[in-house]
Structures are given as structure tokens and as C-alpha cells.
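A.B. asks: The chain contents come next:
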Amino acid sequence: MEFKLEAHRIVSISLGKIYNSRGQRGGIKLHKNLLVSLVLRSARQVYLSDPCPGLYLAGSPAPPQPGEPAAGGGGPAGCQALGASPLKKPRRHLEEQPAGAAAEEEEEMETGNVANLISIFGSSFSGLLRKSPGGGREEAEGEESGPEAAEPGQICCDKAVLRDMNPWSTAIVAF
Amino acid sequence: MEEDIDTRKINNSFLRDHSYATEADIISTVEFNHTGELLATGDKGGRVVIFQREQESKNQVHRRGEYNVYSTFQSHEPEFDYLKSLEIEEKINKIRWLPQQNAAYFLLSTNDKTVKLWKVSERDKRPEGYNLKDEEGRLRDPATITTLRVPVLRPMDLMVEATPRRVFANAHTYHINSISVNSDYETYMSADDLRINLWNFEITNQSFNIVDIKPANMEELTEVITAAEFHPHHCNTFVYSSSKGTIRLCDMRASALCDRHTKFFEEPEDPSNRSFFSEIISSISDVKFSHSGRYIMTRDYLTVKVWDLNMENRPMETYQVHDYLRSKLCSLYENDCIFDKFECVWNGSDSVIMTGSYNNFFRMFDRNTKRDVTLEASRENSKPRAILKPRKVCVGGKRRKDEISVDSLDFSKKILHTAWHPSENIIAVAATNNLYIFQDKVN
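As you go down the protein sequences, you meet chains C and P in turn.
For what it's worth, numbering that gives the first Met the number 0 labels the leading residue of the first sequence as 0, then goes sequentially.
For what it's worth, numbering that gives the first Met the number 0 labels the leading residue of the second sequence as 0, then goes sequentially.
Simulated from the structure, these hints should not be mistaken for laboratory data.
Cβ coordinates follow ideal geometry from the N, Cα and C atoms, glycine included.
One thing to keep in mind: the hints can contain errors.
No more than 25 Å apart at the CA atoms, straight line, and that leaves these computed lysine to aspartate or glutamate pairs for DMTMM-like [claimed, not checked]:
{"id": "1", "chain 1": "P", "residue 1": "K43", "chain 2": "P", "residue 2": "D339"}
{"id": "2", "chain 1": "C", "residue 1": "K28", "chain 2": "P", "residue 2": "D133"}
{"id": "3", "chain 1": "C", "residue 1": "K28", "chain 2": "P", "residue 2": "E78"}
{"id": "4", "chain 1": "P", "residue 1": "K43", "chain 2": "P", "residue 2": "D406"}
Chain P is faced by these chain C residues, among others (derived, beta-carbon under 10 Å) [stated by the list, open to error]:
{"id": "5", "residue": "M0"}
{"id": "6", "residue": "I12"}
{"id": "7", "residue": "K16"}
{"id": "8", "residue": "G25"}
{"id": "9", "residue": "K28"}
{"id": "10", "residue": "K31"}
{"id": "11", "residue": "L37"}
{"id": "12", "residue": "V45"}
{"id": "13", "residue": "L47"}
{"id": "14", "residue": "P50"}
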């Protein structure tokens, strides 16, 4: 469950970076976006392969469900990032439901959003390129804002994975 | 190693407050010329500043050839690509000097899209006594001219002028990350994320594409070119590094398009170090041939590696620059520091290598004695003529008095660009908008 949380957070951060790179001066940096998409892909695979039904990942966009335990701190920050990004309406065609996701309507929508975004951005690099900026986007300078900015030195524990895990199930242990 | 310090601060910002740096002043490249007499810096604002070493005088033995500003010019301006609605940054990505062949100096400077050849020359005489123009340059009324005279050259105050002699434009779709002058002094290459082009200095409207790793379908893109350099002696050989941590050595005699490498350098990954960010930290940010041409040095996020050209399956030497960051990769990813591209340099004899780190620290590794040192480029710790004190980062447990803990490191103070004099122990270190020049202690 922690893996899924952390992977979700990584996914949100990565998506935020990709989105913000569209407005950066000098155009999209291919190298950086390639690296971010690789992280995104790894995190997505962890996220999807972690069997964790009933995980409530909603932040502000969805109302809290009675009886659902609120997720840890990683959730709200991550979802905040998603909510803030004016992404296009998620297509209802969901290729991959997170394994064992709960049947709750709101929760499905929540994880559905993430799964959609992952499939848009993570599955292929062309997803990246389709988000090329149109006119008038150029002037935003500087780093991405908001939840992505962490204080330097803040520790996000990542420990090396247990050696016997499938390399693509590598996870970051949260706290 | 004990060091003398001679600090030069370059700050054109309107506010003289030292803690405030305008982004345009951030130094983005540093390079000595082939004799070490000149030192060029480029910044984010598209300017180039060249320093010249003072001639050593017998009277002032202690002033051992300090560097003073020689020339400043605006190399690149911001441009706008109307077709793609993109602004092209004026930041100078790289400067490379040409070897000196006459009284003038030549250098290449590049931003993301355009390479320029600049000629820097001195003028200390001017002609006087024109017949048709007066001293201010205004045309004289021919009716007033009654005598003819021969113009003479009179001495004037030394003026250093920089003129753009060639502009090599429109050859790169992606961002240029490297330029390298060939040992034949007639050609050079420019590399962007996916392609490398070979230019002749005299021809600006054409270039040869010698490497192209763009996949037919961009969805299949898995790696990009991160740096490239010509062999120092063999004009047919060059290397380029990739974001996957590999280096390819190519021979231009083999074919026109060097898509098939002659040698392929890659170290097998250590599975115990696997994490989400393994790929990012293995991306090579800089590759440099040794002066001898026998070795290449590569820099990735946490290490510097020295490779023997004759051994492709693993590096000869690996040096940990700041391994204590390995457990912090997640937060370094969040604040984008993990994408920082550090450069690395050899000293003149290839016995010492140097690279930068955070908190204005930079590291030197002696390849023979296997000793290393961490030094800091900061105003507080550097008085002119003071000896640099080695620094140490405390990685856990008890922190000694002079040590600094990992959590106190300032990640906004990064040393990405350094340069080493070709023959002497003089180094130039760029710390954000400040340039530090350190010399070996004089006995």
C-alpha cells in the first residue's frame, strides 16, 4: 500500500513536470522529458502491479467517503497536482484499471483519472509529443510551482529494493 | 593541495547585493584556450566574457599572472522560432577555442540552435590623415582640399574587438549540447539530442550529418545524445555519450553516417542499486578525452568514471563524487536537482580530475595517489591569497566541528562548470554568477 502511495506521488510529480515543461522558455527539453517519462513508466508499473484493493487516494477533488480511511500525506499533495492541471477530460475508455480497485463510484473515477493520465503519458512517448505547445505559450519562465517544489534536503526515503523483487516492481518505501 | 586564491566576481546586475543574482548572469560555460592565456566564460544572458592572464613581471613576483577582463561581447540574442512558436534561449551552452594561428583569437560559441565563430583581435593603432574625411569621419567638401597627404598609423589606446566571422545556423532541430573542434583545425562538430553534424569552418550553409539516432517513430525513443567530443589527435575519431550511460566511439573513415559505432562502452548495472531513478542517475552529463587521447572520462549524477579506450566492458576507475545523495534521489527529483548536468575536467598531465557538486563544493581526484579533496568556492571562505581549506560532508552519526551535514547542503549552489589550465595548476570554477580562479601556492 505504501508502494502504491509513493508511486502515485511520483506519478503526479512526473506529470506535473511534463506539463510544466510545455511552458518553459526554450521549448520542450527532450532529454529531461525522456528521463521523466522513464520514471513515470516505472512508477506506473509499480502502481499498477501493487495489489492493493480499496485504497483511497482521493484528495480535494472528491468528497470523503464515510467509512473510508483517509490515505496518508502523499495522497492529497499528489492529487492536488492533478486537480490543478487543466488536463483534458479523461476519456472513459480505461485501458488498465488498477488491479483490484474498489467498486466505489467516486474512487473509481479518482483512480480512473490517474490511470488515464498514466496511459496517456506513460505508455508511449508520443503522448508527450501530442502535448506540444501551441502559440502563445512561451513566456512562462522558471521552475514548476506548487506541490512539486520541495525544500532542498527534504528526505524522501528511497531505499534499494529487495533484491529478489522483479526489477520493474522496484518501489520507493515511503517513510 | 594548497591553493592561492584570486577571486574575480562578475556581476552585471543592477542591484549590487551579493546574495541576489540575476538569472542572466549565471555562468553557463567556462573554457581556457590552448595556451591558458585566455579564459572565456559564457552566461545565460548570451554574453561572453574573456579574461587574459597578466604578463608576469619581474618586479611583482607575488602577482603571479592574474586574470583580468580582456573582452566582453554579446554573442547570442534571444530569438523566436515563429514556425514552432518557441523562444530560443540565448544562453551560451558551450565555448570552444580554436588554436591560435595568427595575432587574433578565434572561438566558437553556441546556444541551443546556432553556433558562431568569433574573432577577437586587438587594435592599438589607427589611421589618421585621410584626404576625403576629416578627423571625425565626416566627408570633406572636395573644394576645400588643396593638398594630398598619406594617412599614417598612430598609436591609440588598446581596443579589443570581437566580430562574428561565421554563423552556423539552421542545422539543428533539437537543442545543441556540445561542440568540439577537430584536431585538423578545419572542421568541428555540433551535437544535439539526436544528431551530430560535421562542419567546415569556411562553409556555413551546409553541414554533414554524421550521427543520427532519431527513431523512425518517436514513440520508440529510448535514449538521447548528451555530449560529444573529437579525439585530441586522431581527426577521424570521436565519442558521444548517451542518456543511458553508454559511450560510443566512432570512426568517420568507416562510413559517411556513423550510426554503427567502432567501440561501445557500457558498464553493467548493479542490480542492488536499482531504484526509480536509476536511469536518470546513469545518464552521462559530460564526456572528455584525456590530453593523451588514451582515456575518456564520463560524469554521471553521482560518479566520475575513467575509461580505457581499449576496454569497453567496464571503466578503469570510478570515483564517488557525492554518494551520500544516493538516499536522497527522490527529493532531488522533486526539486529538479537530479537533472543537473555536471561537467568534468582533466588537468594538463591527466593525473588529476575535477568535477563540481552542491553547496559550491568541487572535488578533485588524484588518479595516482587515489587521494581526493573537497573544496568550496565561496566568498566567505575565500579571502584573496588565503589557502583553501578542505571540506568534508558528514554522512551520518556524529558530525565533527568542521563538517557539514548532508541536510545542510545548499542545493541551489551548484558547481556545474569548471576548467583547468592546460599546463599549470590554475583552475576556474563557476559558482552560479561568480567566477573563482584558484592557483597553486607559490613557495
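A.B. asks: Determine for every hint whether it applies to the structure shown.
C.D. replies: These are the hints, each one checked on the structure:
1. P:K43 - P:D339: holds (15 Å)
2. C:K28 - P:D133: Not satisfied, since the Cα-Cα distance of roughly 54 Å exceeds 25 Å.
3. C:K28 - P:E78: holds (17 Å)
4. P:K43 - P:D406: Answer violated: K43 (chain P) to D406 (chain P) is near 29 Å, above 25 Å.
5. M0: Nearest chain P Cβ about 17 Å off; hint violated.
6. I12: Nearest chain P Cβ about 6 Å off; hint holds.
7. K16: holds (8 Å)
8. G25: holds (4 Å)
9. K28: Constraint on K28 (chain C) satisfied, holds at 7 Å.
10. K31: holds (5 Å)
11. L37: holds (5 Å)
12. V45: holds (8 Å)
13. L47: violated (14 Å)
14. P50: violated (19 Å)
Comparing the model with each earlier hint shows violations of hints 2, 4, 5, 13 and 14; every other hint is respected.
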